[in-house]
Amino acid sequence: MAKRKNLTQSPVRQGNRIDCSREIKFSYNGRWYQGYKGDTVASALFAAGKRIFSRSFKYHRPRGLTCVSGQCPNCLMTVDGVPNVRSCIQPLSQGMQVEHQNAWPSLEHDIFGMIDRLGKFLPVGFYYKSLIRPKLLWKIAEPFIRRMAGLGKVNLKLEHGDEYNHRFLHTDIAIVGGGLAGLTATVEAIKADADIILVEEQPCLGGTLRHRVQDIDFPELPGLSAQEVADKLAETVVSSSSVSVMTNASAIGLYEGNYLGVRQGNELVKIRAKQVIITTGSYQIPLVFDNNDLPGVMLGDAVRKLIHYYGVSPGNKAVVVTSDDNGHGLAKDLAEAGVEVIAIADNRPKPDIDHSGVLENPRVPVFWDTSISRALGKKHVRGIEIVTSKEASEYQAPLKLKCDLICISTNSQPANSLLHQTGATIEYDKHTAQPLVKNTPAGVFAAGEVTGIHDKNLNVLQAKVAALKSCQNLGILRRKKQLESLIDELEQLEITSRSLPRVHCSQTVPGISDKRIVCYCEDVLEKDLNQAIEEGFRDIQILKRYSTVTMGPCQGKMCSAAAIDICARATGTDISQIGTTTSRPPLEPVSLGVLAGSVHTPLKRTPMHNRHVNLGAKMVQVGEWLRPHSYGNVWSEYQAVRERVGVIDVSTLGKLDLKGDEAAPLLDRLYVNRIGNLKVGRTRYGVVCSETGVILDDGTISRLAEDHFFVTTTTGNTESMESWFKWWSASTNDCVHITNITAGMGAVNLAGPFARDVLSKLSPIDLSNEVFGYMGNVSGLVAGVPATLMRIGFVGETGWEIHFPSEYGEYLWDSIIQAGQEFGIRPFGVEAQRILRLEKKHVIIGQDTDALTNPYEANMAWAVKLEKEDFVGRGGLRKIKGLPRSNKLVGFVMKDGTVPRDGDPVIDKGVAVGRVTSARYSPHVGRGFGLAYLPDYLAVQQSDFIIAVNGLESLAVIVDQAFYDPEGLRLRG
Amino acid sequence: MTYLISCPGCGDRGVDDYRYGGSVLKRPGYNDDPELWDSYFYLRVNRAGMEKEWWYHRMGCKQWFIAERDSTTNQVHVTYWPGENK
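Sequence order for the protein chains is L and F.
Take 626 as the starting number for the first sequence in our numbering and just add one per residue.
Take 22 as the starting number for the second sequence in our numbering and just add one per residue.
No wet-lab data here; the hints were simulated from the structure.
Think of the CB as a built atom: it goes at the ideal place given N, C-alpha and C, for glycine as much as any other residue.
Treat the hints with care, as some may be off.
[Said to hold, decoys possible] Calculated cross-link-like contacts (lysine-lysine; reagent style DSS-like; alpha-carbon spacing at most 27 angstroms):
| hint | chain 1 | residue 1 | chain 2 | residue 2 |
| --- | --- | --- | --- | --- |
| 1 | L | Lys899 | L | Lys816 |
| 2 | L | Lys1351 | F | Lys47 |
| 3 | L | Lys1490 | F | Lys47 |
| 4 | F | Lys47 | L | Lys1493 |
| 5 | F | Lys83 | L | Lys895 |
| 6 | F | Lys73 | L | Lys857 |
| 7 | L | Lys942 | L | Lys1055 |
| 8 | L | Lys1304 | L | Lys1490 |
| 9 | L | Lys1504 | F | Lys83 |
| 10 | L | Lys899 | F | Lys83 |
| 11 | L | Lys1229 | F | Lys47 |
| 12 | F | Lys47 | L | Lys1506 |
| 13 | L | Lys1055 | L | Lys1081 |
| 14 | F | Lys47 | L | Lys1055 |
| 15 | F | Lys73 | L | Lys899 |
| 16 | L | Lys1055 | F | Lys73 |
[Unchecked claim] Calculated Cβ distances over 10 angstroms to all of chain F for the following chain L residues:
| hint | residue |
| --- | --- |
| 17 | Thr1207 |
| 18 | Ser1348 |
| 19 | Asn1358 |
| 20 | Gln1567 |
[What the hints assert, rightly or not] A few chain L residues that don't get close to chain F, going by computed Cβ distances all over 12 angstroms:
| hint | residue |
| --- | --- |
| 21 | Gly640 |
| 22 | Gly882 |
| 23 | Tyr1256 |
| 24 | Asp1439 |
| 25 | Leu1580 |
The task is simple: from the sequences and hints, build the whole structure.
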């Protein structure tokens, strides 16, 4: 922990995002610093004088703040143990621990910075070309490369709690982007009473109005500054009850069905919108020139954000590189913030008349028709080299100026990735040098600068039309006339705007140096792209894959335009023919925790759950259910069932109720057994197979009436059996009602030599073997509770499975325990039941069978009635029967004292050829025993085979019959 | 896979609410050729375009219905209960 005395004071600042009355202390690389409420990590560090924020991915070049909007990778830091946090948008909080990454010993002096000089040994795609032979070479080099390249390190010790969450929202209209267009669209949609969600990635609404403060002439709110217009619109939006505004929320993907993924803090919000309006605006992009990634080279909007949001002075002596009036406004901003503006390098030819008025700034020399060719300096900007764009101009030789800040305010790129994802038609327009949105799919609209049109009046009109068209689609538009006239007006304006001259500044300025960075994320240089194109990777898509340009954390936001420009020039192709790389979600880095959300484990409890807990049962999860594993002593539970009487909660069994005239034919079709001939009052064990003959489930079928059946399924298969039954019923259009009554019915199995004595104390039903024999069922009262009783012998003793409405669970449980006291009754858990049933060789589907097991392998051939009329699985089983059997499920007893575990391998000639599916110690046999799958040639009656128990080979002998009571006298008794 | 399907009973729901049950197939008859059964088990047309499919509303009414879906666009044109010929 750092010491407080190192605290660096920062001066009071004036910014519209920060509150200087509330100080926030945080540590950076072990030293304490101070920021203010509203600061981001980066703005506070910048205010404290930090200029290098990271080291680049490959060459470890120093990098400083560039975009201040979370779009570039140059400010990635480790915050509170979480790596790769974009510090320029990470809100500062009290006690935050910030650390630099990918540099040693410090960002200022990074020993790996020497790699920068080895650039010529690291050509594009070097790992496809070098370190290939001998193979060992890569093994030696890889750890070094991994250590030197890369970003932050994942902290595996960091514990995550419930901080991640998913949320689901529904709305009429989702509007993405709360700038001028987004706010205008929202205001229009409010008028039609639409239900709206407005998603804004900044902490407040307003978009560029909050930092490009001068240039606004908003016809509807005349005479107001940009800030005031933003305030007015935001107030209308926030005060409306039909709008829910999400700030600090970034849309990360728009999927089919207008399903919008939004990340807000640690939450992933999934919005299902009937209509989506995309007003994500545009963002400035850097130019490619010599040393273009030097700290001190910043985008114009970044500088404005530092000034207006955070009240930080971006530098002392600035040069503005621009191609539009926006840059001149920036120069004004800088001057007002006390920064000396040395010069403006304007890419445009000198205009005859100044239309806008912003250009009249006599103190700042403007160099027309020029651009930047190089940034001078080693670790920070110390000067700039300006060259003429055209030969004829007055500045022939490069002009060197001293400065410590270079503002790039030239081209912007529409933030149209979401539109690309929807499949909108976007075409590159040569006249405006912008990708223009031509067409959007149904239910998706675009408005504002995202459409490639940079004209405030047009953008406002677009937003209104988009909002009204959305309302029209929703059927809530009342002002149809207004929509028509707006559309007319929009078309007129679009035509006039096309005739205005535009100047596009080339994305790349010619230069001489090697270090002309195209992709900040992956350190891809201009020469890398040129070389890749020379090697034949001429298509932008494969150029991307080969060089990794646009593949870094920024997903091409900073480099895609430059890459396309370079690709077009190097291949001699027209830029409109190059296309773009595919935009895929997520649009920005999202931590896996956000995508995973919080961990919810659904758990079901039986009606008697609290009784088990009170009895001190050790609970285990079986499927979605919590079941008692044992109540303390498995062996005494086992003994109670075999010698006296035991009771087990079997409420987890799946229970389906089938009613209808065609219930019997349906069951006859679903089970491989014969069911139709089952008499009322009788129960039968049945097996369900898939069409190909794989065992899906087993259970009991009880006929309660001619047209009424009660079916039980395996605990874990309830849902799939319900849908399986319903599908067969639906596909044949049977008249059967299938109801899943699993949760509505509780069940216990009462078993043991004294089971009849216990039950007869509670129930008036005649339980004698003559009336209520094995595999019979009777409905009647048990302790006054209406119940269905079945005589089933899963554990191999006289026993009844009692099904009853679950609300009586605890009462019935108590009644049975009480009635059984005199007979020494014990509740038994899943573990005792497993041993008891294994001694009877009763299989558990899913434990002793798998996704390929058929009845012929699992000793269930007796159940398959191929001769009966068509049933599900008949075709498959008929085929399987004709083929030689490959595996067989056999019972075995160990010949020595070992007890195998479930899953232990069966060994033949040193090779694993089979596996144990269930194995335990049998108190009855006095040995380890169980069930195993053997290849058919090993499954010979009473022969030996080898199981690897704890890695040591042990002999087992095959036992054909059940291990306990093979004649079944006890369960029939 | 985030498109909407309209359950004939419950209305529009996200595709996650449902279980896909495969294309509507004709089941061979009791005495049909084993080859016909084999193709019924394993061979699927996997058509690009409109397909009649089974869908199960597992998170809702738990009923099967038939949807006519364009597998190239995921647009579900119509849904109905089995037996309701549309």
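Going down the list of hints, with the structure as the test:
1. The suggested pairing of lysine 899/L with lysine 816/L holds, with an alpha-carbon distance near 17 angstroms, which does not exceed 27 angstroms.
2. Between lysine 1351/L and lysine 47/F, the direct Cα distance comes to roughly 17 angstroms. Compliance with the 27 angstroms bound is thereby established for this hinted pair.
3. Restraint check for lysine 1490/L and lysine 47/F: satisfied, since their Cα atoms lie roughly 23 angstroms apart, inside the 27 angstroms limit.
4. Pair hint lysine 47/F plus lysine 1493/L holds up; C-alpha atoms about 21 angstroms apart against a cutoff of 27 angstroms.
5. For the proposed pair lysine 83/F and lysine 895/L, the alpha carbon gap of about 24 angstroms is at most 27 angstroms, so the pair holds.
6. The straight-line distance between the Cα atoms of lysine 73/F and lysine 857/L is roughly 53 angstroms, outside the 27 angstroms bound, and the hint therefore fails.
7. For a cut-off of 27 angstroms, the pair hint linking lysine 942/L to lysine 1055/L is broken: about 36 angstroms separates their Cα positions.
8. At most 27 angstroms may separate the alpha-carbon atoms for a hinted pair to count; lysine 1304/L and lysine 1490/L meet this at roughly 18 angstroms.
9. For the given pair, lysine 1504/L sits about 33 angstroms from lysine 83/F by alpha-carbon distance, which is inconsistent with the 27 angstroms threshold.
10. For the hint linking lysine 899/L to lysine 83/F, the alpha-carbon distance of about 25 angstroms falls within 27 angstroms, and the restraint holds.
11. With a C-alpha separation of about 39 angstroms, the suggested pairing of lysine 1229/L with lysine 47/F is violated against the 27 angstroms cut-off.
12. Distance hint between lysine 47/F and lysine 1506/L is fulfilled; the C-alpha atoms sit about 24 angstroms from each other, no more than 27 angstroms.
13. Restraint check for lysine 1055/L and lysine 1081/L: satisfied, since their Cα atoms lie roughly 21 angstroms apart, inside the 27 angstroms limit.
14. Distance hint between lysine 47/F and lysine 1055/L is unfulfilled; the C-alpha atoms sit about 56 angstroms from each other, more than 27 angstroms.
15. A threshold of 27 angstroms between alpha carbons decides the hint, and for lysine 73/F with lysine 899/L the separation of about 26 angstroms falls inside it, so the pair holds.
16. Restraint check: the Cα-Cα separation between lysine 1055/L and lysine 73/F comes to about 46 angstroms, which exceeds 27 angstroms; the hinted pair is violated.
17. Once the 10 angstroms rule is applied to beta carbons, threonine 1207/L is consistent with being away from chain F; the minimum gap is 18 angstroms.
18. Residue-level check failed: serine 1348/L sits 5 angstroms from the nearest beta carbon of chain F, not beyond 10 angstroms.
19. The beta carbon of asparagine 1358/L sits about 5 angstroms from the closest Cβ of chain F, which is not more than 10 angstroms, so the claim that it is off the interface is violated.
20. Listed as outside the interface, glutamine 1567/L is consistent with that label: its C-beta sits roughly 36 angstroms from the nearest C-beta of chain F, beyond the 10 angstroms cut-off.
21. Against the 12 angstroms criterion, glycine 640/L stays outside the reach of chain F, whose nearest CB is about 40 angstroms from its own CB.
22. Non-interface call for glycine 882/L relative to chain F: violated, since the shortest CB-CB distance, roughly 4 angstroms, does not exceed 12 angstroms.
23. Separation of tyrosine 1256/L from chain F is adequate, the least Cβ-Cβ distance of about 35 angstroms exceeding the 12 angstroms criterion.
24. Annotated as non-interface, aspartate 1439/L keeps its C-beta farther than 12 angstroms from every C-beta of chain F; the closest such distance is 34 angstroms.
25. No beta-carbon of chain F is positioned within 12 angstroms of the beta-carbon of leucine 1580/L; the least distance is around 40 angstroms.
Violation of the numbered hints given earlier is confined to hints 6, 7, 9, 11, 14, 16, 18, 19, 22; the remaining hints are satisfied by the structure.
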